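> With the hints as your guide, set chains X, V, L, G, Z, B and S onto chain U.
Residue numbers (full-length UniProt numbering), protein chains in the order written: chain U, 1 to 130; chain X, 1 to 130; chain V, 1 to 130; chain L, 1 to 130; chain G, 1 to 130; chain Z, 1 to 130; chain B, 1 to 130; chain S, 1 to 130.
Read the hints as simulated data drawn from the structure, not as lab findings.
All of these numbers come straight from a predicted model, not from anything done at the bench.
Straight-line distance between alpha carbons at most 30 Å, and here's what the computed DSSO-like set of lysine-lysine pairs gives: (1) Z:Lys50 with V:Lys50; (2) Z:Lys21 with Z:Lys126; (3) S:Lys102 with S:Lys44; (4) V:Lys126 with U:Lys19; (5) G:Lys74 with S:Lys28; (6) B:Lys21 with Z:Lys74; (7) L:Lys28 with L:Lys126; (8) U:Lys129 with V:Lys129; (9) X:Lys126 with X:Lys74; (10) Z:Lys74 with B:Lys126; (11) X:Lys21 with U:Lys102; (12) V:Lys21 with U:Lys74; (13) S:Lys50 with G:Lys77; (14) X:Lys74 with X:Lys44; (15) L:Lys126 with X:Lys19; (16) Z:Lys28 with Z:Lys126; (17) Z:Lys74 with Z:Lys44; (18) U:Lys21 with U:Lys50; (19) U:Lys50 with V:Lys126; (20) Z:Lys129 with Z:Lys74; (21) V:Lys28 with U:Lys126; (22) U:Lys50 with X:Lys50; (23) U:Lys102 with X:Lys74; (24) B:Lys22 with B:Lys129; (25) V:Lys21 with U:Lys77.
Read off the chains here:
There are 8 protein chains.
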Amino acid sequence: MADVSIICGSASDAAIADKAKKILDEHKITWDYQVISAHRDPDKLDAYIKNCPSGIYIAIAGLSAALPGVIASKTDKPVIGVPVSGTLNGLDALLSIVQMPKGVPVACVGVDNGDNAAHLAIRILKLAKN
Amino acid sequence: MADVSIICGSASDAAIADKAKKILDEHKITWDYQVISAHRDPDKLDAYIKNCPSGIYIAIAGLSAALPGVIASKTDKPVIGVPVSGTLNGLDALLSIVQMPKGVPVACVGVDNGDNAAHLAIRILKLAKN
Amino acid sequence: MADVSIICGSASDAAIADKAKKILDEHKITWDYQVISAHRDPDKLDAYIKNCPSGIYIAIAGLSAALPGVIASKTDKPVIGVPVSGTLNGLDALLSIVQMPKGVPVACVGVDNGDNAAHLAIRILKLAKN
Amino acid sequence: MADVSIICGSASDAAIADKAKKILDEHKITWDYQVISAHRDPDKLDAYIKNCPSGIYIAIAGLSAALPGVIASKTDKPVIGVPVSGTLNGLDALLSIVQMPKGVPVACVGVDNGDNAAHLAIRILKLAKN
Amino acid sequence: MADVSIICGSASDAAIADKAKKILDEHKITWDYQVISAHRDPDKLDAYIKNCPSGIYIAIAGLSAALPGVIASKTDKPVIGVPVSGTLNGLDALLSIVQMPKGVPVACVGVDNGDNAAHLAIRILKLAKN
Amino acid sequence: MADVSIICGSASDAAIADKAKKILDEHKITWDYQVISAHRDPDKLDAYIKNCPSGIYIAIAGLSAALPGVIASKTDKPVIGVPVSGTLNGLDALLSIVQMPKGVPVACVGVDNGDNAAHLAIRILKLAKN
Amino acid sequence: MADVSIICGSASDAAIADKAKKILDEHKITWDYQVISAHRDPDKLDAYIKNCPSGIYIAIAGLSAALPGVIASKTDKPVIGVPVSGTLNGLDALLSIVQMPKGVPVACVGVDNGDNAAHLAIRILKLAKN
Amino acid sequence: MADVSIICGSASDAAIADKAKKILDEHKITWDYQVISAHRDPDKLDAYIKNCPSGIYIAIAGLSAALPGVIASKTDKPVIGVPVSGTLNGLDALLSIVQMPKGVPVACVGVDNGDNAAHLAIRILKLAKN
Numbered sequence: 001m002a003d004v005s006i007i008c009g010s011a012s013d014a015a016i017a018d019k020a021k022k023i024l025d026e027h028k029i030t031w032d033y034q035v036i037s038a039h040r041d042p043d044k045l046d047a048y049i050k051n052c053p054s055g056i057y058i059a060i061a062g063l064s065a066a067l068p069g070v071i072a073s074k075t076d077k078p079v080i081g082v083p084v085s086g087t088l089n090g091l092d093a094l095l096s097i098v099q100m101p102k103g104v105p106v107a108c109v110g111v112d113n114g115d116n117a118a119h120l121a122i123r124i125l126k127l128a129k130n
Numbered sequence: 001m002a003d004v005s006i007i008c009g010s011a012s013d014a015a016i017a018d019k020a021k022k023i024l025d026e027h028k029i030t031w032d033y034q035v036i037s038a039h040r041d042p043d044k045l046d047a048y049i050k051n052c053p054s055g056i057y058i059a060i061a062g063l064s065a066a067l068p069g070v071i072a073s074k075t076d077k078p079v080i081g082v083p084v085s086g087t088l089n090g091l092d093a094l095l096s097i098v099q100m101p102k103g104v105p106v107a108c109v110g111v112d113n114g115d116n117a118a119h120l121a122i123r124i125l126k127l128a129k130n
Numbered sequence: 001m002a003d004v005s006i007i008c009g010s011a012s013d014a015a016i017a018d019k020a021k022k023i024l025d026e027h028k029i030t031w032d033y034q035v036i037s038a039h040r041d042p043d044k045l046d047a048y049i050k051n052c053p054s055g056i057y058i059a060i061a062g063l064s065a066a067l068p069g070v071i072a073s074k075t076d077k078p079v080i081g082v083p084v085s086g087t088l089n090g091l092d093a094l095l096s097i098v099q100m101p102k103g104v105p106v107a108c109v110g111v112d113n114g115d116n117a118a119h120l121a122i123r124i125l126k127l128a129k130n
Numbered sequence: 001m002a003d004v005s006i007i008c009g010s011a012s013d014a015a016i017a018d019k020a021k022k023i024l025d026e027h028k029i030t031w032d033y034q035v036i037s038a039h040r041d042p043d044k045l046d047a048y049i050k051n052c053p054s055g056i057y058i059a060i061a062g063l064s065a066a067l068p069g070v071i072a073s074k075t076d077k078p079v080i081g082v083p084v085s086g087t088l089n090g091l092d093a094l095l096s097i098v099q100m101p102k103g104v105p106v107a108c109v110g111v112d113n114g115d116n117a118a119h120l121a122i123r124i125l126k127l128a129k130n
Numbered sequence: 001m002a003d004v005s006i007i008c009g010s011a012s013d014a015a016i017a018d019k020a021k022k023i024l025d026e027h028k029i030t031w032d033y034q035v036i037s038a039h040r041d042p043d044k045l046d047a048y049i050k051n052c053p054s055g056i057y058i059a060i061a062g063l064s065a066a067l068p069g070v071i072a073s074k075t076d077k078p079v080i081g082v083p084v085s086g087t088l089n090g091l092d093a094l095l096s097i098v099q100m101p102k103g104v105p106v107a108c109v110g111v112d113n114g115d116n117a118a119h120l121a122i123r124i125l126k127l128a129k130n
Numbered sequence: 001m002a003d004v005s006i007i008c009g010s011a012s013d014a015a016i017a018d019k020a021k022k023i024l025d026e027h028k029i030t031w032d033y034q035v036i037s038a039h040r041d042p043d044k045l046d047a048y049i050k051n052c053p054s055g056i057y058i059a060i061a062g063l064s065a066a067l068p069g070v071i072a073s074k075t076d077k078p079v080i081g082v083p084v085s086g087t088l089n090g091l092d093a094l095l096s097i098v099q100m101p102k103g104v105p106v107a108c109v110g111v112d113n114g115d116n117a118a119h120l121a122i123r124i125l126k127l128a129k130n
Numbered sequence: 001m002a003d004v005s006i007i008c009g010s011a012s013d014a015a016i017a018d019k020a021k022k023i024l025d026e027h028k029i030t031w032d033y034q035v036i037s038a039h040r041d042p043d044k045l046d047a048y049i050k051n052c053p054s055g056i057y058i059a060i061a062g063l064s065a066a067l068p069g070v071i072a073s074k075t076d077k078p079v080i081g082v083p084v085s086g087t088l089n090g091l092d093a094l095l096s097i098v099q100m101p102k103g104v105p106v107a108c109v110g111v112d113n114g115d116n117a118a119h120l121a122i123r124i125l126k127l128a129k130n
Numbered sequence: 001m002a003d004v005s006i007i008c009g010s011a012s013d014a015a016i017a018d019k020a021k022k023i024l025d026e027h028k029i030t031w032d033y034q035v036i037s038a039h040r041d042p043d044k045l046d047a048y049i050k051n052c053p054s055g056i057y058i059a060i061a062g063l064s065a066a067l068p069g070v071i072a073s074k075t076d077k078p079v080i081g082v083p084v085s086g087t088l089n090g091l092d093a094l095l096s097i098v099q100m101p102k103g104v105p106v107a108c109v110g111v112d113n114g115d116n117a118a119h120l121a122i123r124i125l126k127l128a129k130n
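In isolation and in its complexed conformation, chain U is listed as follows (with noise of 0.2 Å):
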């Protein structure tokens, strides 16, 4: 059971994921780690949503970054989303992560930024415990 659930939609994003676990652990705070694409794993996805005992995800995808939304439309727990640079220079998944309809919400934060990832779910974390 982890205070955090950090998703991949790439095994290539794993340095991104890494940013943010470190943060994490410096902050005592546990986390749970996975690589599931929202497009190409969807049925892998819905089960680990159904079954998550964390409080926040971490999602974490470039491209047509659809991963965080994916997420926030099947929980109503927090999702941060952070996008991953690449020939565009992370200019689409910027766009795919924040640009969400009303309703269902993403936290996006900069392109390549595991670290904020991770800071603002110790900010949403802290606010819960006091």
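This is chains X, V, L, G, Z, B and S only, laid out in the frame that chain U set:
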């Protein structure tokens, strides 16, 4: 039983869908029209896809336009995506639709170009009939 | 004593704030509303933050939208940023809000999307109540 | 007689074509490969299109990527366009390929995403075989 | 027999062509005006180019503006391209026109700037007359 | 007591500051150099500004570059901002620095252009000496 | 003999100049107003600069906004540039004004932000008076 | 006495000029090569233009690329502009060159595309010789 399924992510995209319907009607292609948000109605979307007899999808969405990609992840039929313009001129929806990860293709047409979604569907159906 | 502090950088952003207030009201979340420019009223902003009992901030700003980041630098509570569109379609405010340096996170939502700022705040507060 | 015609606008796009060939080979789809510039070899392109037995085109081009659109204007078969990245990160080719006028559709996939061009062709051919 | 051929890709570009005609008239330069889509009327365009007595082309087009490039690929006369603005503010047409491959040059002027297309044609014709 | 205060938002911006120092040295303009993050050290920044004897600030920052604007909001001396490039090529820092609200001006120079920040400071100081 | 010279590149930029004049008037700063295009009236611009008694220039221009840079290349006084929005939302003018080569600095303010040009001029003049 | 004047705004643009020289040499077109900054050497540029016997200019520049426009404002010969890429991928130079005001045309070619500048000059000279 329709040839083409037209799905809008929001009722506000109806004008773009109308362009596609008109072209399909002119070519005597039958269609089924739905408004289902990938983000707000994921279960309804899943159910529709499982029972959908159409051979092709036209998915129309703005903002973080996950609809075409989510459909493409749950069917192996061709999916045509139409980005809808908004505050960012449709650049957000265009990048969200076209920049799909490997293995989950979406056939993206131009911003607000419901006509070409229909014309592309017609070309695909014509190939199937030959 | 309110659950959420909504701060606009300019009185002209009030329409975006109204969207957030409406959603919060529907969920019986209390809010305090302020118009304080990070650039023009830095001392007033400091004073407000020091005495603010709310658990979460929603900061709404256009142009070089420093407001969410400045608040995040002076509190360890979660800060949600809403970019407001203008001549550059909100791309300036979006990048100003989301591209924060490591250690000072802001949870950015979509351009002009006051609704999702409220929905995100509700998810965070719900986590805190569990 | 091949199932798919793969045409590059320049020999320098061969690496993107290779990605498509590999996927098609894995699915036992036959292909014919050509390097024909729409701008430098218009007559050769015309001649190829007139005699082409393939059911689908994959057209790969960078810069002002007219190739997919020119092919689509001379055939009524489905044309899949792949934008190739360069100094402007492929944004030029992406917009050139996707923003086609009404009546001349191109199915655009992601920047440098030769894989998805093949996957889309496979979906279209599968529909044709059912 | 006209000095300059003005070709629009769509009848909706006529207002931009009118700006060019007015400047040419003021300088007593004769012009021939056509509306021919590179994508929808490729054969008509070919026939026109083969018999065109004008020394210079002004090609006006929006979206994926292939017209100037296609003309430049079929003549060795100077071709001036004018990008026309639309949903993406003309950025699509601008990049489509200016980013031509080596060996097929187009002289691009500003977005919607039919005036400067005429002024540029006048400079070129003046050089020819000296 | 220096003529110009050079402040970097991060130690990683030092190379841009070095360009400015070199030009100022060549013109025998004295400078004081500090690394103070507007987001991470707001109190240190406040204290520095209150006691700063320099007539001009050069503020160098990347990402969501709030530093120049925050300084401009706490002094009525001229503030020159230098955007630093990163994953988004400096477009984020450029828009964050230049799009200031009315009444809080920042003099923005080009991306990574520490030289011109110094040259601009020299012009301003020369005016003051006349 | 005015404190500040305000020069517009086109009469159509007058509304932006009016914002600057109003602020300068409120601060009892005198100004001289001219409409001189860097591209269409280069000799008039040269003559004006040679005889200009003002200490600071405010140069306002849209499109390929060469005016501020050309002035900066012919004087060693501070030049403030104001980009004016148009079809491309002012991004063209912003980049033209801010991205100056080393040694020829322009102090760029925000798009259409005539107010901040005046406020910046006031800060510079105040420094000169101390 | 050369057919074409090639002017670079900076010695660092020489590689782009070399591409143009090579093409011109192959077509036995003579050229004169200069490095003159519009911003740093305005008087040298003026003097060169006044005495220039060439019929066409090729002006190569990066950043805020005023060079082609300034030349076009001081001659009525055709001026071809080549944007040079840098931190912003050449988008700054492209917009600075192509978005000229009415009456002062520049013939813009693609980013870093010295080849096409030469090819365009050859087309213009060929017209002049017929």
